[in-house]
Amino acid sequence: MKSYDPRGAAGDQLPLTVSADGYVRLTLPAFRAIPLSHLLSELDLDADLPPSTASGACLASIVGYTEWASQTIPALSVGWDWRLATTAGRVRYEREGEVRSNVMLLDARRRDLGGVATGMLLCAAVDVLDWERAVDNYINNRYACHLSNLTVTESRSNL
Amino acid sequence: MRVISGAVAGLPEGYYGRVTHYRHRVFVEQLGWHLDAQDGAETDQFDRPDTVYVMVEDEGGNIAGCARLLQTTRPYLLGEIFPQLLNGLAPPSDPTVWELSRFAAMDFNARAATPLSQFAHSATALLMRASVACAAERGAQRLITVSPVGIERLIRRLGLEAHRAGPPMIIEGHAIFACWIEVKASGHA
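Top line first, the protein sequences correspond to chains Z and R.
Heads up, the first sequence is in our numbering, so the first residue is -8 and it goes up one at a time.
Heads up, the second sequence is in our numbering, so the first residue is 20 and it goes up one at a time.
Note that these hints are calculated values from the structure, not bench results.
On a predicted model such as this, the values are computed, not experimentally measured, just so you know.
Every residue gets a Cβ at the ideal spot worked out from N, C-alpha and C, and that includes glycine.
Be a bit skeptical, because a hint or two may be false.
[Unchecked claim] Listed below are several chain R residues computed to face chain Z (Cβ distance under 7 angstroms; list not exhaustive): (1) P167; (2) E171; (3) H182; (4) A184; (5) P186; (6) P187.
[Said to hold, decoys possible] From the derived model, a few chain R residues whose C-beta atoms are all more than 12 angstroms from chain Z: (7) V47; (8) Q57; (9) N106; (10) D113; (11) A152; (12) R175; (13) R176; (14) E180; (15) E201.
[Unchecked claim] Residues from chain Z that keep clear of chain R, each with C-beta distances beyond 12 angstroms, as calculated: (16) V9; (17) A11; (18) S52; (19) A60; (20) R91; (21) D121; (22) N131; (23) N132.
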């Protein structure tokens, strides 16, 4: 795993600290320089599922959330929802909605970018991470029985 | 639905007992948390005369949700039991910061009540907004919660300004985390 040296992160000269409001403040280049590790992923069995988009069939919709964190002290924490999307017969994970975090990004003059801008930039940063495989492995191990049942349901409904 | 709130001495007769039984049904029986329980009631050391309770009661007179508010200037759950969830920050001790805990809105009269359905019905939104308003009336500008991670989505869906204090941790098999909620930003201050 790549080690993190805050002095070497572009645009950031200070070590990480937690502010009194609970945020860890850093620039986007500094955030991108810090590796994130998969903590946990869960199926969201309580999600409001959209109507099926398949004509004459009922596709099983699988959604959930995932949590990632850095090994730094203090830790950066980011989490987001995902959905298993089927496109042209291929199943893949897609981030859905905003990224939740304890991060407040700073501009080059070390001013807060604000919650909205930080959220958008974190979404873009998450989307270039290779997170799908870790989530898939975790979910498959944790919910092997449950996913097997969902697969059966999907197969039957497509008969 | 109606909201009932206050410290034990200010609650209508019998409501404190009802809320402790409701908590037992939710947290012990449904969610499987290992909490102190006696005679079907769940209480702990933070249920004190100064503790503020917020309840939602449905049209049939059934408790449909509950929450607990604690001042951070006195012992509270996060500060005493789970300070590690604050990511290295010292637990706040501030009259403008209150703790929200034991938040649950589970409708046991629904046809298929499950722990995972707790965020799905209208009592949840009412309870969260009432909890924030109740804290604001007592001088809170911020809330800190100890909750299952799923509550962060609920809070943000309700339009409240909130962010997590640090990564979730698996404690006794449950993923929990601490989350800051801005009371001023929600229009109650």
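Taking the hints in turn, this is what the structure says about them:
1. P167: Given a least distance of 10 angstroms, the restraint on P167 (chain R) is violated.
2. E171: holds, 5 angstroms
3. H182: holds, 6 angstroms
4. A184: Given a least distance of 5 angstroms, the restraint on A184 (chain R) holds.
5. P186: holds, 4 angstroms
6. P187: holds, 6 angstroms
7. V47: holds, 20 angstroms
8. Q57: holds, 30 angstroms
9. N106: About 5 angstroms separates N106 (chain R) from the closest Cβ of chain Z, which leaves it inside 12 angstroms; violated.
10. D113: violated, 9 angstroms
11. A152: holds, 21 angstroms
12. R175: violated, 7 angstroms
13. R176: At roughly 10 angstroms from the nearest Cβ of chain Z, R176 (chain R) sits no farther out than 12 angstroms, so the non-interface label is violated.
14. E180: violated, 7 angstroms
15. E201: For E201 (chain R), whose nearest Cβ neighbour in chain Z is about 9 angstroms away, the distance does not exceed 12 angstroms, so it is violated.
16. V9: Answer for V9 (chain Z): violated, closest chain R Cβ roughly 5 angstroms.
17. A11: Per Cβ check, A11 (chain Z) is inside 12 angstroms of chain R; nearest 7 angstroms; violated.
18. S52: holds, 15 angstroms
19. A60: violated, 4 angstroms
20. R91: Its Cβ does come within 12 angstroms of chain R, the nearest being 5 angstroms, so this is violated.
21. D121: Fine: 20 angstroms to the nearest Cβ keeps D121 (chain Z) off the interface.
22. N131: holds, 18 angstroms
23. N132: holds, 15 angstroms
Violated hints for the displayed structure, listed by number in ascending order: 1, 9, 10, 12, 13, 14, 15, 16, 17, 19, 20.
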